[in-house]
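Make a model of the complete structure from these sequences and hints.
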Amino acid sequence: VLSPISWTVTDSFLVSEQAGCTEYESIVDIRVCTLTTKAHQSGKKPLVVIGLVSQKAEDRPVRGRCLVVDVTEVVPEPGRPETNRRLRVLCSADMKTTVGAVCELKGAVLVSQGARIILYAFENDDSLQGCAFVDSAIFSGRAASLDGLFALGDIQRGLSLYAYQEEPPRIVQVGRALDAVTSRQSITAVEFLVDPTATQSQDETVMIVSADQLNNLYLHSYSPKHPKSVGGSKLVLRGAVRLPSSVYKL
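Numbering-wise (my numbering), the sequence shown opens with residue 1186 and increments by one.
Incorrect hints may appear among the rest.
[Said to hold, decoys possible] With a straight-line cut-off of 25 Å between C-alpha atoms, the simulated BS3-like cross-links for lysine-lysine are:
hint, residue 1, residue 2
1, 1223, 1291
2, 1241, 1281
3, 1229, 1291
4, 1434, 1230
5, 1230, 1291
What the hints contain is simulated information worked out from the structure, not anything from laboratory work. Small disclaimer: the values here were computed from a predicted structure and weren't measured.
In structure tokens form, the structure reads like this:
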């Protein structure tokens, strides 16, 4: 925990000391997610979700784990008002296989596990319960969400867009970046870009920004009415920028 008052570290913990974790655990992704919880009056609370991967040796299977951590308010130390926050691990869930990315989707945790994407509900404030999944056929290492949509960046086929349906719970792929520029690139970062000045009739209201390992930045849109989108199955490339260095976070 970093204090915004003194910009000093006021609390921390070792991942290897948490329940179910070993010294071989390493962090692959960390996000602040607003999850549905009974512990808060509003029904939702910002919590820290940490994606871990455990790799012991080349002859041992790689496993993953997710930690859900709360930043709780406590009585500060005398003369140190910045020490009023402490980390508390609420949940440590075994993911069976490697974790690539985590993000929040509709009050739940979206986890990329190997070649499968699984949505977990935060049940009873102490466990993760799977409620929907989809097979992506390839490992995805980057994820971003916006309302009921989420974008995935994988290590070979580029960018994909998915939609989540709550009743009945279902995840479907709605589009992919199939243009010659981005369809064969390894995505290193992905995020949604919303233009508040655009009207609802414009396809550029919501853009998907992604970066690849060749230092390129791309802008895509989901435009079902565009002639090149084939009914929305293809994401339309709106622009590309060459950057002087690699991008790993947007």
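Discussion item. For a quick check of understanding: which of the numbered hints are violated here, in increasing order?
Written reply: Hint check: nothing fails, all pass.
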